[in-house]
Each structure stands twice: as structure tokens, then as C-alpha cells.
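Numbering (the working numbering), first residue to last: 6 to 1046.
FYI, nobody ran anything at the bench for these hints, they're computed from the structure. Fair warning: this is a prediction, and the values are worked out from it, not measured in the lab. A hint or two may mislead.
What the hints assert, rightly or not - BS3-like cross-link-like pairs, simulated, lysine-lysine; straight-line CA separation at most 27 Å:
{"#": "1", "residue 1": "K747", "residue 2": "K996"}
{"#": "2", "residue 1": "K658", "residue 2": "K619"}
{"#": "3", "residue 1": "K403", "residue 2": "K315"}
{"#": "4", "residue 1": "K162", "residue 2": "K815"}
{"#": "5", "residue 1": "K403", "residue 2": "K508"}
{"#": "6", "residue 1": "K811", "residue 2": "K984"}
{"#": "7", "residue 1": "K132", "residue 2": "K237"}
{"#": "8", "residue 1": "K427", "residue 2": "K479"}
{"#": "9", "residue 1": "K590", "residue 2": "K579"}
{"#": "10", "residue 1": "K396", "residue 2": "K628"}
{"#": "11", "residue 1": "K500", "residue 2": "K631"}
{"#": "12", "residue 1": "K801", "residue 2": "K1043"}
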Amino acid sequence: MMVMRYLPAELDQIQSKGSTATKAGSLAALHEKRKETLSQFFTPDWLVSFIWQAISPAFDSDDGRYRLLDNSIGSAGMFRYADPKRFHLCGLDVDGQLVEMVSEILDGNGYMFDLVHAGMESVELVKYSAALINPPFSIPLSSPFLNAYPGVTHYGKYGPNTSAVSHEYALAQALNHSDIVAAVVPASTQAIVKQSPVMAGRLRAIFDLPSNAFKEENVESVNTVLMVFGRKLQGPAANAPESIRIKTGSINESLIPPTLFQLSCRSVDELGHSRNPISVIGIEESKPVITTEATGDNTVILKRAGRWIKLDFFDGATEGRVKNALYRSRLYSDHLHKYPAKTRYAGQFQLNLDAISMQDDPFKALNSVCNVIRSAGGEPVVNRQLIDGIKSIVVENKKMGIPFGRTVFRKGTPEFKATANKMALINRTQKGAAISKNETVTAKRVDAGFIVQTGRGEFACDHDTFFALFTPEKTVVDAGYWEDIYPPIKNCFPKEIDRLKAKATLLGIDQWLTWDYQLEDLCELAFKPNGAICGWQMALGKSRLALSLALLLNGKSLLVLKSRLVPEMANELKSLGVTDYKVIKTLSDTKQLGKVNIISYERLKMAIDPRFPKLTLAKFLRKKIKNVLCDEGGLLANHFSQQTRAVWALGAKRRYILDGTPSPNYPREMQNLAAFVAGQERAYQPYSMNGGFIEKRLFNSAEFQPTGRDEFTRRYVTLEWATKEFLDNHERGAKREVPKIKPAFLQDYRAWVAPMIKRRVQQEPAVSRYVKFPVPTLCDPIEVDWNMDHLLLYVKTEEEFANWYKQYAKERGEEGKALNLTMILARLEACFKAANVPSAVSGYGREFQSLTSKEKVCLDLIESEINKGLRPIVFAKNPVVLRRLSEELRKRNIINLVFSGEDTIAKRTAKLNERIRNGSDQVMLASLGVTQDGLNLPMLNSVIFYNRSYKSREEFQAIYRLIRPQQKSEVSCHFLHLKGSIDEYMGQLIKWKTLASEAGLDYGEQADDEDFVHFDAFVYRFINSIPELKEKLDFLRKKAA
6 MMVMRYLPAE LDQIQSKGST ATKAGSLAAL HEKRKETLSQ FFTPDWLVSF
56 IWQAISPAFD SDDGRYRLLD NSIGSAGMFR YADPKRFHLC GLDVDGQLVE
106 MVSEILDGNG YMFDLVHAGM ESVELVKYSA ALINPPFSIP LSSPFLNAYP
156 GVTHYGKYGP NTSAVSHEYA LAQALNHSDI VAAVVPASTQ AIVKQSPVMA
206 GRLRAIFDLP SNAFKEENVE SVNTVLMVFG RKLQGPAANA PESIRIKTGS
256 INESLIPPTL FQLSCRSVDE LGHSRNPISV IGIEESKPVI TTEATGDNTV
306 ILKRAGRWIK LDFFDGATEG RVKNALYRSR LYSDHLHKYP AKTRYAGQFQ
356 LNLDAISMQD DPFKALNSVC NVIRSAGGEP VVNRQLIDGI KSIVVENKKM
406 GIPFGRTVFR KGTPEFKATA NKMALINRTQ KGAAISKNET VTAKRVDAGF
456 IVQTGRGEFA CDHDTFFALF TPEKTVVDAG YWEDIYPPIK NCFPKEIDRL
506 KAKATLLGID QWLTWDYQLE DLCELAFKPN GAICGWQMAL GKSRLALSLA
556 LLLNGKSLLV LKSRLVPEMA NELKSLGVTD YKVIKTLSDT KQLGKVNIIS
606 YERLKMAIDP RFPKLTLAKF LRKKIKNVLC DEGGLLANHF SQQTRAVWAL
656 GAKRRYILDG TPSPNYPREM QNLAAFVAGQ ERAYQPYSMN GGFIEKRLFN
706 SAEFQPTGRD EFTRRYVTLE WATKEFLDNH ERGAKREVPK IKPAFLQDYR
756 AWVAPMIKRR VQQEPAVSRY VKFPVPTLCD PIEVDWNMDH LLLYVKTEEE
806 FANWYKQYAK ERGEEGKALN LTMILARLEA CFKAANVPSA VSGYGREFQS
856 LTSKEKVCLD LIESEINKGL RPIVFAKNPV VLRRLSEELR KRNIINLVFS
906 GEDTIAKRTA KLNERIRNGS DQVMLASLGV TQDGLNLPML NSVIFYNRSY
956 KSREEFQAIY RLIRPQQKSE VSCHFLHLKG SIDEYMGQLI KWKTLASEAG
1006 LDYGEQADDE DFVHFDAFVY RFINSIPELK EKLDFLRKKA A
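Between the sequences and the hints, there should be enough to build the whole structure, so can you do that?
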């Protein structure tokens, strides 16, 4: 079908930015060149003619008009063959100057058109008959106004579905709004189309374009395709063979288009007329802001509405003036700063009760708000409820903000001598704070580090700087002492604590919490109006404390436990004589709740009816429970898990977590726990998971207010890089993170958690008065040499990983995307299995059924420990290893028990009681997954880790199964590492996670960042070790020969 050109030739005289730009000299320069040219390259005339010939049969209405779209219109070249009598042209472009030029030309040639100066990410569109597009290629788009298109939009700076690549988004947008789409796009776009059933179902043609199709645009070679889409097929046509539905092949300037299958579109009459075919988002307001009638009554009533002041107006004019005076100016996020979603105005926090309560005089601050209202012509009337609300929040801040009583262990002595290692400045803020090499100083420990006394005066020195500059005297290195850093809460609130203690005594709680610290901590926890974290280490009595807290608090309480601990807790209640309790298993159990109620995490998240998967027991219990207490509640750090969401869904007024290792892996885990027990955006807990960071200055202006996540990350999280998705939620997304609290904010972190965590450790004086615990000895890892067959398998597996990783890293780099850590770990699992469970690796022959060197070392170590009169426990990840070790131990006449998830809970517990607790088996072989919590094993006294874990909590909990008051022996922990294997990285990661947790919770010392080997560096070290391992393999082969 022949087509006629209508647009004037003067449009062809306009040159694109791409055609006039110099070529990029490097990959880095390519990105800058794209920004400079906006990836603007105009479509050659022969290709536009081909498109019009292909789609023109769809414009079959003789008297109807069709609406066309180009979402990057450029010089309007795609509309060259559009008859002004039949087509309404709509387009947009980020090049404002070009839009003006094209508009003048179209206007002078009788066209009906709507052109807008805007990017495709910033508009709202109506429906169009057809879209003809040649969008800019590979330009990153980032906007909160992007529409969500699966597979096209991704997590970006402004949250989910706020990032995309220009040509992919342009195609998805055009398809969403047009019956027909003809798109010139990179050939790689075909993958996006194939992944989308909706796009693939509308596809009518894919034509390969010549590599020099854009030669007139100064592009020598580019791999592009022309894709044509129609309306969704209905009826028998939808089942037509692909060869009929989709035309394919290569095209050139002389080719005539084939007839396309079932290509049709609607006219403007069918689509519906629109006054604004393209609307720029954020400019036009369709509804009035002020709807109050004008009455002349300038009274403004200030009421309390949650944590905010609500203003009631009786006159629209007064409302407008007062709101303008209070809010002052609108705030917008941009590429330099992201505001919290609910922060919209500079002055809005004048109406926030938390911001008011943080001022030196809250009621003076309230009066200043009233003065602003008066200055704008309003007459403020403060509701009594508002005054009482401010008073209650001030009291809440005092109670929630006071630190728990705390004793910590300090290394060294309170005051000691030290020698300078070099000439340096102690700090840069105090005049004269310099030391010379070998100078002897006196150091006094303070909260922020040390006060260093030199011949020139006393100077402050932070902890890390001190140990980098000075060497303490030898007598100090191995010394230590306990220091009370915060007094008991009773010192500040004696009446409240005494009242709680009296109630506990009346309930008989003092009869089972018999140690002084237990009753003291119970009252401090119950004192907190919102909740807290009980961070008692294992074996200090958390179970009885949880029951006591549930009884002491007003209202009904719910204890949430791991499923296997529910019967134990019920038995504990019976033994204490508590009768008003209920174990919740089904919906009927919720009809009549007890004072104390018990449920497992698994049941809490369970759907009541399979037909309604979102209606869980948690939602049914919502608002029926006043207090929730979560045993092993550190799991709530993962806000996306079903357990966490179920617990949040309860809507309990007071929330408690009981966990000896609440944040064992990374400091950021504490943020979600703090939000659960203490609330968000409060004076005592200023961070939030999805909202803002609240601080005193916001009362004056909210400008540059950070989000809660951003501020928490800035202060405490040590990142070298991270995706925006990770920065927004701290759980999903990629990052390179060092498990360490930033040194400059370490004291700030400790002060932040002090009012939220009631911490007790086994060795502190208040505990050791009643019970003694051994301190486990963590031995240096035992390095194990390889044997030849095992090394051969490992090298082969490692080479496969190395080849995959190099190709994967190259592909992601070319696509400009970050590496997916989850995918890498999944691939690394094969290397872990080859190192630690080679017998389970398929396809390599039966020689790997023989014992590896690591298994032999483990067996010898077990036998050695038994010969010393010890009773060891061996931890391994895979039950296959445990069974192999068990079989070999029997050959050595060593009686053993395999304790793994292959047995049911009841069956393995019965075996444990019979053969370990009450029996004489010499060694227990346990999988890490089933021994993390709830098991007391003081009858065992030696620990062997056959392999490491990525989670420090997993190893810590495993060790402390043995550390109980009944333990009579010293406990040593041994770790087996194959030389140069993945064991070494896992060991380093656990060490750093443990140090970070101890630094934040227990005032321990952190290591230097420089000592941490990052995962990607480890992976390359891992890959680069292959030649060395091959040399070792050749040596073993020669030796064997």
C-alpha cells in the first residue's frame, strides 16, 4: 500500500543531538555522551514509510479521525505520512526547544496536535489509536511518577517501580495506551517481550533492521529491530499458529511490507474525546484545596489527633491564610534528597506532638503555634485534650527514654599508663593535643573513649584512635573490671518500681523469681509503657521472666514461641500453679482467652480457612490482646517474613522481645526490633522503617528531613555500596556491607539502645552471686590439608563456579546491573558441598565415598576429646556428614547419637533424653538447624564445628546449649577449616558479626575495616587459588605414583 507524505520537508532540516555529537572514547564516556545527546537519533524516512505502509490498513474509517502518539517525538519524523484531515498528533519530548520548533511547523500546516515539553516518566496519557515510537535507547529513568510495568520498572531511588530504562519503558507505556504500536528498539528488547505474556500475545511482527540503518545519524552500526503490536486477539484468532500471527525477517529500503495479521484500531469517536490527551504530572490540580465555606468566623480549634494537632476551621479564607502561614512552602524530593513520603511542607512539624515534646518548653512551643495562627488572622482555641496529650507524651518520653540499669565489662583498668607508638595528634579539636613517639601518658576511661593526660594537658581521645596510637602497659592488657554505667530505673522512678514490685509479690511472682536481678529486671521491663527487649543471655531464666511479665502487665497477654517450645511453656505454667491460661491451636480457642495465652509463630501466621489465605489467626486476634511477648524475637528483624507480619498484625499496645542474641549479624537488624517494641518517629526512638527521622529542629523547618532508614544507615551501617532497594528496607537488594558500627557513632548507638534493651550476661556480678557459668574457649581454627581425590573434585567444582562467575560478572557489567548475591550464594553452595559433603556430590564416581581428610581429622578429634574424659558434640550442616561420622565412630566402638531434622521433634527428643541426658552415649552428632534454641545440654562439654555457618546466631546458640549452671567442666570449641576453602571466609564473617554485636550491646571492641575481606574480594581470591590448588593436586598425584 502506497502512502503519501504530508509533513513539510523543513522538518527534515532539523538535526538530532546524536547526529551532531562526537563519538564517545570509552565506556565511561558513553554514559556522559548519552546524557549530552539524550540518546536522540531521528528515524530514517524509508523506515517511517515502511511502518506507515504496514499499519495503514488499520485506519479504515473514511470519515473518522485517529489519535496518534509518539512519546519521544523529536522532529515528528514518525508522523511524516499522517494526513492532517485524519490524524490528531500527540507527542512529548524532553527537548523543549525542539518541541517549540515542531509545534510552529505543525500549526502552520493545519494539524490538530498536542505537544508537551516533558519526559515520558512525568506524564499521564489517555488512549490512542496507534503509537509510532523510536525512543531514546538505554537512558536511566528515575521518578516517583513511573507507572508500574512488570519486568520493565524496578526498585529505584523513590521506592518500588520508580526506575526503568528509557526504551523499555517507552514500549510498555505505548502498549498500555495504544491499540497499535510500531516501535524501533534495540534487539535486546525482544527478551522483555518474550517474558511478558501480554506483550507477546499482541506481537504481530519483528523485523531485523540493517546494522547501518542510522548511518545518516552518525551511527555506523547498531543492532535494532522494528516491532509491531496489535490489539489483544480474541476467539479462534488467539490460537492461530505463531507463523501466521507474527511476521519475521530482515527488511531494507526496497522491501514492501507484508500484510499483518488481525491489525485494527479504534478511532477517536470510539476511544472517546479528550481535552488533555497528555497531562504533566504534578502541575495541574483538579480539586480545590480549601472547601470550607466563607463565613467570617476566624475561630481555629486545636485538637489532638493521634500524634498530631488537628485544626478545625469555620471560615475558608481563615483556613487558607492559617495553613499558608503554618506550612510555609511545599517540599519536593529530587535527585539530591529524598523526603519521607508524608513530609510535604516545611512547617508541618509545628503540628507534630513529638516534635513539640522535644522542645525545651513544649507549652511555649505550642504557644508559638498559636501566635502564627493569630498573625494569619485566626483566633486559636486550644482543646483541653490537646494539653493533656502533650503532657502524656512528655511523660512517655521520660519513661521510654530512661536507660535500663546496666553493668558492662571493661578491658584493662579504669586508669593506666600507656606509651605512644608514634608522633601524632590525639585529636584535631583541642590545641596542644600532640604526643611524641615513646611518650608515656596516663589514660582514664570515659564513656566516649579516654581522657589522655600528657605533659601539655588533658585531651579527649576516642577508643579506636587511642589503641592505634598507644600501647597500654602489660599489666593492663589482660586485666578487666565490671562497671555500672547506668543505675537502676528505681533511682529515678522509685514509686513506680515499688508499686510494680508490690504487685509482683502479691501475685506470688517473687516465689519463682528468687534472684534479686530477676525481680528487678521484671519491674524495669514492666515499667516501660510501650515495651522493650529482654536481652538476657541463655540460662538466666527468660522463660519464667516471660510468664511473670505476662501476669504482671495489665490486660491479656500473648506469648509467641517456636512450636516445639509450646508444650514446655504450658508445663512450666502448670508447675508454677498458674491456671488462667490458654494454649491457642484453633479459631475456637480464641473465643475465651485467658490472662496468659500461648501460641506458636507457625499457628499465628496460619490461615483460618484455605479459601481465605490472608485471614490468619493473628488478624482474628487483633486488638483482643493488649500485650505480646515474642520468645526468640530476634526473628522479627526480617520485616518481610510471614512470622513478623503476623506479630505486627496483632496490634498489641505493649510489645516485648525476649532474645539473648537480638541482633547477632548486622547492627541494622536492631532498627526493625526497635520499631516493634518502642514505636517509630519518637523522641526516644527517632528512626522509622518506612517514614522519617524525627529530631528537635523539625519544629522550625522540615527542610532536608531524612528518612528513618537513610539516617540510620548514615550513622550506624558500614556500607561500601548498596542498591536503592536495600537502602530503603535494609533487607532486600544488593549491597557490600561490613558487619561493623561506624566508630564515630558507636557511643550514639549504645545510647540509643540503652533504654530499649534490658541486657544481662552470664558473668556479670549480679548474676554470678547466684550461679557460675564457665566461659567457653574458642580455639583457633584447625587447618586441614586435602587428600587428592577430594581436591580433584573441589578444583573441578571451583573451576565450574569460576567460569560461571566470570561470565555472569561480565554480562551484568555490560547491562549496567549489580551482581545478585543470592544467585552467587546458590552457586557457591556447590563449592560448600564439594568441600564439606563430597559424598553427596553426584556424577563423580564412588571414590568419594571414602573418608575425606576433614572427616578423618574430625573423627580423630572426637576420639581425642573422649580419651580426655570429655563428652563432645559435633555440629554439621548436612545430615549426610553426621551419618558418615556415626558409621565410622561405631567402627571405633564409640557410641553416638545422630540428632537431625530427619526425625520428628518427638522422636528425636525421646532419643536425646534416653541416650544423652539420661544415657551414656559418648558423643552427639547434631545438625545446626535443630539445635539453635530451647535445648539444654550441660552433660556435654566439648564442641566441634565440622563446618561453619553464615549466621553468628546459629553458632552462638549452638555453643550455649552447653553453657548452663549445671555445667561442671570447662568448654572448648573447635573449628575445622579446609585450607583455602570457603570455610575461611565463613569463619571471618562470623568473627566480625560477633564483634559488631558485642560492640553495640556489650561495649566490646571492634576490629579495623582494613582487616575485613569483602565477599567479592573473597570470591576472586577463591577463583585465583585454583592454580595453586592445581599445583598441589599435581604434587599429590606424583607422590601417589
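So, going through the hints one by one against the coordinates:
1. Simply put, K747 and K996 have alpha-carbon atoms about 17 Å apart, close enough for the 27 Å limit, and the pair holds.
2. For a cut-off of 27 Å, the pair hint linking K658 to K619 stands: about 22 Å separates their Cα positions.
3. Restraint check: the Cα-Cα separation between K403 and K315 comes to about 25 Å, which is no more than 27 Å; the hinted pair holds.
4. Of the supplied pair hints, the one linking K162 and K815 holds, its CA atoms being roughly 25 Å apart against a limit of 27 Å.
5. Annotation: proposed proximity of K403 to K508 holds, straight-line Cα distance about 22 Å (limit 27 Å).
6. As the CA atoms of K811 and K984 are separated by approximately 23 Å, the hinted pair is consistent with the 27 Å bound.
7. Taken as a hint, the K132 and K237 pair is honoured in the structure, with Cα atoms around 15 Å apart against an allowance of 27 Å.
8. In summary, the hint linking K427 to K479 is supported, as the alpha carbons are separated by about 18 Å, within the 27 Å threshold.
9. Between K590 and K579 the CA atoms are separated by roughly 18 Å; this keeps the pair inside 27 Å, and the hint holds.
10. Under the criterion of a C-alpha separation no larger than 27 Å, the hint pairing K396 with K628 is consistent with the structure, at around 25 Å.
11. A distance of roughly 24 Å separates the Cα atoms of K500 and K631; the hinted pair therefore holds under the 27 Å criterion.
12. The suggested pairing of K801 with K1043 holds, with an alpha-carbon distance near 19 Å, which does not exceed 27 Å.
Consistency note: the structure conflicts with none of the earlier hints.
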